[in-house]
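> These are the residues of each chain, in order.
Protein chains: 2
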Amino acid sequence: MKEKRLILVTNDDGIQAPGLKALVEVVSEFGNVVVVAPIESQSGMSHAITTKQPLRISVREDSPALKAYAVKGTPVDCVKLAMNQLLSRKPDLLVSGINHGSNASVSVVYSGTMGAAIEGGINQIKSIGFSLLDYSRDADFSAAKIYTKKIISQVLLNGLERGICLNVNIPVGKMHEIRGIKICRQTDGYWQEEYDKRKDPYNRDYYWLTGYFNNFEPEAEDTDEWALKNSYVSIVPIQTDFTSHEQLSILKQWNI
Amino acid sequence: MKEKRLILVTNDDGIQAPGLKALVEVVSEFGNVVVVAPIESQSGMSHAITTKQPLRISVREDSPALKAYAVKGTPVDCVKLAMNQLLSRKPDLLVSGINHGSNASVSVVYSGTMGAAIEGGINQIKSIGFSLLDYSRDADFSAAKIYTKKIISQVLLNGLERGICLNVNIPVGKMHEIRGIKICRQTDGYWQEEYDKRKDPYNRDYYWLTGYFNNFEPEAEDTDEWALKNSYVSIVPIQTDFTSHEQLSILKQWNI
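Protein sequences, first through last, are from chains A and D.
The numbering used here applies: residue 1 is where the first sequence begins, and numbers increase by one.
The numbering used here applies: residue 1001 is where the second sequence begins, and numbers increase by one.
These aren't lab readings, by the way, just hints derived from the structure by calculation.
The C-beta atom is built at its ideal place from N, Cα and C for all residues, glycine as well.
Be aware that a few hints might be false.
[Stated by the list, open to error] Quick list of in silico lysine-lysine cross-link-like pairs, DSS-like style, CA-CA up to 30 Å:
id : chain 1 : residue 1 : chain 2 : residue 2
1  : A       : K199      : D       : K1090
2  : A       : K67       : A       : K149
3  : D       : K1072     : A       : K199
4  : A       : K90       : D       : K1199
[What the hints assert, rightly or not] Covered stretches of chain D, as calculated for chain A (at least 3 residues, CB under 8 Å):
id : stretch
5  : 1058–1068
6  : 1092–1105
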């Protein structure tokens, strides 16, 4: 008898997030599931790892088909602990999410959801990060679940190149409102910060991070932001070789 | 009279780190310096941003040639706060470091030093992260300072493409032991985790992250790990478009 697939699930919204529950429901059809997720929200934690404190794990579920562990650490800590301490073997698939909110364009750099997926890629696991463009806790994941299932099937069928993971973003809407899937490149843009400066009761300043997204190429139809704006699910393949080969050629001409 | 350059300095080892002091000494020759650095060590914080707590700033130096602010936040928070709240205008240069320890190869993904430099690149500032391959607090920065100065001069002269920053790593050694500078690509490799599992006095498990680096291509002479092993300073140009164009072509063939 063929061994059942082993699927690692994590996220950055924390183990209690409805998006994680939705993702577990989808992947349960594909194999045995192990959830290793942060105890608390780790939004914006990017690829951070915990080195100054030790990590702690608490068991939340322990059945053959579903195990769940909560980690007091970052999403990347969860992946590393899973690989090294909690899984009996290398998983066949790593999925992260479903994130409450977009991780399109440059948000991939800040995202804990994508930090975990990228870590999976580095560790040569087929890895996908899923995000729904709805920050609310009672977001409707029904269409997202259908697309998530479809994309996972394709990744299991076709595989991914070594070191690559997928950044999947899903627009808000019912199934009939979403126009399909687009394979995209990462939109060129950045977050423009606008700190909200306040005074505490002791007259000391403090700052809350806020901001808005600036898109350098809103008309580019091959980008993830364009796809999402036009009601498509976007898939961007992400690599972990950050070398700019274009700038590398230029540097070689320098007198250095 | 030409306005003096404005140079933003940050790091991930914290505002008290000797490596930061060494970097400030170097850049003071190039213009007015504003340091915005974390109060405490933020090693391994990657591109993390603080969204769940507000940020606080304390002034450490306030002269025309040198201002210094300590931030209770991550290296990327420091860059964002500097840009939005603390600097009078966009800086002409951002430098991060000099880190105590290597950020070569895939360590760029986990590094707070490089998180700050990458954030500078995203914000269209000429940005460089510097790291010395010596973790000790009393590391000798004398040769590192000479190379740092040389590289900064070249970046100010030639500029960098939009969105690009440099990842500079410097081997341990005196000037005569370092063989020069190599322009490199990021080495293909990963960190193999080995958690140190311990029991606390109450018999509860806890885990410390440890590990070692696996190099997939130790013989490749165009990589940063090779350069460093052979006593060269390595420069890898880093981009923030993480799209894998190779995998993108493959995905377009999928039946999805």
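> Of the numbered hints stated previously, which ones are contradicted by the structure, given in increasing order?
Violated: hints 5, 6.
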